[in-house]
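The chain contents come next:
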Amino acid sequence: MINVINRAKILVVDDDPDIVQALTMILESLDYRVVGARNGLEALDRIESEKPDLMILDLLMPKMDGFAVYQILQNRHRSGFWNMPTIILTSVREEASRRRFEMETGRKLDADEYMEKPFLPADLLAKVGNLIARKRSPISWDSPGDKGGAHGKET
Amino acid sequence: MELVSLDNMEIEKEAGEAERRYSEILTLSRVSAALSGLWDLDAILNVALANVLDIMNGAIGGILLLDEKTNTLYYRVHRGLSTRYVQEMRIRQGEGIAGSVIQSGEAILLEDISQDPRATHPDLVSAEGLKAFMSVPLRARDKVLGVLNIASRMPHRFTTNDMHLLYAIGDQLGVAIEQAKLKERLKTDRKEIAKLEEEKSSFLSFLGMAAHDLKAPLTAIQSYLWVILGGFSGPISDKQKNMLERCSIRITELLKLISDLLDIPRIEAGQVLQEITEVSISKIIEKCCDDLSSVAKEKGITVSTEIPKSLSKVYGSVTRLQQVMTNLVSNAIAYNVPDGEIKVRVIESEHDVKVEVLDTGIGIPARDLPRIFEEFFRASNVASKGTGLGLAITRRIINAHGGRIWVESPCLETGKGSKFTFSLPTGI
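Going down the list, the protein sequences come from chains P and B. Under our numbering, the first residue of the first sequence is numbered 1, with each subsequent residue one higher. Under our numbering, the first residue of the second sequence is numbered 1, with each subsequent residue one higher.
I should point out that these hints are in silico values taken from the structure, not numbers from a laboratory. Fair warning: this is a prediction, and the values are worked out from it, not measured in the lab. There may be inaccurate statements among the hints.
Think about it this way: if two alpha-carbon atoms lie no more than 20 Å apart in a straight line, the pair counts; the simulated SDA-like pairs of lysine to any residue are [what the hints assert, rightly or not]:
1) B/Lys256 to P/Glu116
2) B/Lys215 to P/Leu60
3) P/Lys63 to B/Met209
4) B/Lys215 to P/Asp16
5) P/Lys127 to B/Phe232
6) P/Lys63 to B/Gly208
7) B/Lys354 to B/Arg404
8) B/Lys215 to P/Gln21
9) P/Lys63 to B/Ser205
10) B/Lys215 to P/Pro121
11) B/Lys215 to P/Met115
12) P/Lys51 to P/Arg33
13) P/Lys63 to B/Asp213
14) B/Lys256 to P/Met115
15) P/Lys9 to B/Phe232
16) B/Lys181 to B/Glu68
All chains, full assembly: derive it from the sequences and hints.
Pasting the structure below:
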C-alpha cells in the first residue's frame, strides 16, 4: 500500500464507455490508477475531485466537448491544472482537429500528444509513460516553452 | 409680299416646333429625374405613370408588362381603371391594341377607342367611358418588355406629337424596367446561392456525423480486440489469437473503406479549401517516406528521394497532401517486385512544382490506363486489395488544389513499372 502514493492517476474522458473500459484495462496492466468521465462537464468535476496526474481526452463528446475542456483548463492558470499532461484522443486526423480548434478559438491546440482511435496498447502505454516521467522530472516541467515545443509551428 | 408672309409663317412654324421640342426635352428629363434612384419595379412604374398622366393631362392609364412564362400581357400598375376589370386581364401577343403594340413594337394612336373594333375589352371601354387612346411599346435594346396605355374620356384628345413624346418616355421606361428586373434577378440569385451554401454546410455536417457514428462502434470493437490480443484480459489460445487477428484486419479494412467513401463528398464540397496553408512539400514527402519505410523494408524495397534544396511556396492542405503522398508511395510499395526501387522526385518549373513517384513494379496494363483514376476501378493485373478509391481520392485532392495528376506505364525513363506525376501551382 505504500506504493499507492507513487501510482500515477489518469483521467480517461470519452463518451464511449467501451473505449473507457479498453483504456482502463490497458492502463491498469501497468498499475496506473484510472478514473473515467463520460463528457466534458464530468471531466471538469473529476479534475477538481481526483486531481489526476494525466488526462486522456476525447474531442467529440456530448454536453461539453474536448475542445472546450482543454480551453477551460488553459484559461484557468491559477487552478493548478493548466499544465496537466494531456493526450488528445481523436477519431479525426490530428491535423484536422488542430485546425478546427484553431479556427474556432483563434488559439493553438498545444496538447502534449495526439492519439488516433483505435490505438495500439503499446503506443498508448509508451506515450503515457513518457508524459508521466516528464511530469515527475522537476527540471523539464513547469517551463511553458517546453510544453508546446513538440507541436510548435512548422518552420 | 407673298413670299415674305410665307417666310413669316415658316418662321412661326419653326419657332413653334422648337418650343415643342424644348418642352418635350424638359418632360423627358423630368421623367428621367423622377425615375433616377428608383430600383423597385413597382415604384418605377407608378412614378412613371403618374408623371405621364400629369404631362398628358390624362386621367386614365396603365402599364402592362409581358409575363415571360405565359407570354401574355398583364396590368402591373394602373390609374383611373377599376381593379375588377384589369386584375384578371391577360392579353396575348397580337391580340387587340396592346397585343399588336407588343408584337410590332409600333405605337398606336386612336381618336376614339369606343368606335374601334380592335378593342379586346369593349365592356371595359364602355363602362369606363374611354374615348381617345394611346398605346406605346416599352422597349429596352431590341426587346419589347411591355406597353404603356393612356386614355381620355374625351375623343380626339391626343396628337401625333403627344404620341412621339410618349414613345420617347416608353423607351426611357423600358431601360428602367430592364435594370429593375436585372436587380430583382440578382437578388433571387443571391438568395439561391445562400441557400446552396447552407445546404452544402449541412451536408458536410451530416457527413461528419455519419463518419463519427459509423466509425465509433468499429473503433470500440477494434480497441477491445487489441486489448484481448495484447493479453490485457488474460491468456488466449493460438487459434483464438489467429481468428481475432483476422477480425482486427477486417475491421481495419472496413474503417479504411468508410473514411475513403466519406472523403469523396468532403473533397467535392470544397473541404480542402478550408484547410489551405503554406506547406512544405519536402517535409510532406520526408514524413511519408519515413512512415512507410518499415513496410518498404519488409519487402526489400529501397525508397530514395530527390528534392531541390529550395522550393517556391506552395499552398495546400497538409493532411490532404500527406494523404496523396501516402497513397502513391504505398501503391508503389504494394505493386512493386521484391527488392524493387521507388524514387520520389520533385521538379520545380516556372508556374508549378511537380512531384514524381517512380517505381519498378508490375506497372499498369495499357488498356487500364485511361480508367486508373476512376472510383472502384482496379487494374486487371492486381489482386483485389484496398478499397479501389485511393487513386480516385488522390486525383480529387490534387484537382481541388488546382493541380493535375497523370501516369505513365511503363515509366519512359526506366522502361519499368510506372510513374505517377502530380503538379501543384506555386505562389497565389
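Now for the hints, and whether the structure bears them out:
1. For the hint pairing lysine 256 of chain B with glutamate 116 of chain P, the CA-to-CA distance comes to about 13 Å; that is within 20 Å, so the pair holds.
2. Under the criterion of a C-alpha separation no larger than 20 Å, the hint pairing lysine 215 of chain B with leucine 60 of chain P is consistent with the structure, at around 12 Å.
3. Of the supplied pair hints, the one linking lysine 63 of chain P and methionine 209 of chain B holds, its CA atoms being roughly 16 Å apart against a limit of 20 Å.
4. For the proposed pair lysine 215 of chain B and aspartate 16 of chain P, the alpha carbon gap of about 12 Å is at most 20 Å, so the pair holds.
5. Using a Cα cut-off of 20 Å, the hinted pair lysine 127 of chain P and phenylalanine 232 of chain B holds, with the two alpha carbons roughly 17 Å apart.
6. Of the pairs offered as hints, the one joining lysine 63 of chain P and glycine 208 of chain B holds, with about 18 Å between alpha carbons and a cut-off of 20 Å not exceeded.
7. The suggested pairing of lysine 354 of chain B with arginine 404 of chain B holds, with an alpha-carbon distance near 9 Å, which does not exceed 20 Å.
8. Proximity of lysine 215 of chain B to glutamine 21 of chain P is assessed by CA-CA distance (about 18 Å); at most 20 Å being required, the pair is judged to hold.
9. For a cut-off of 20 Å, the pair hint linking lysine 63 of chain P to serine 205 of chain B stands: about 18 Å separates their Cα positions.
10. Proximity of lysine 215 of chain B to proline 121 of chain P is assessed by CA-CA distance (about 19 Å); at most 20 Å being required, the pair is judged to hold.
11. Distance check on the hinted pair: lysine 215 of chain B and methionine 115 of chain P sit about 15 Å apart at the alpha-carbon level, within 20 Å; holds.
12. Proposed proximity of lysine 51 of chain P and arginine 33 of chain P is supported: the alpha carbons are some 12 Å apart, at most 20 Å.
13. A distance of roughly 17 Å separates the Cα atoms of lysine 63 of chain P and aspartate 213 of chain B; the hinted pair therefore holds under the 20 Å criterion.
14. Taking the CA atoms of lysine 256 of chain B and methionine 115 of chain P, the gap is near 17 Å; set against the 20 Å cutoff, the hint holds.
15. Between the alpha carbons of lysine 9 of chain P and phenylalanine 232 of chain B the distance comes to roughly 19 Å, so the proposed pair stays at or under 20 Å and holds.
16. A C-alpha spacing of about 12 Å is found between lysine 181 of chain B and glutamate 68 of chain B, which places the hinted pair at or below 20 Å, so the restraint holds.
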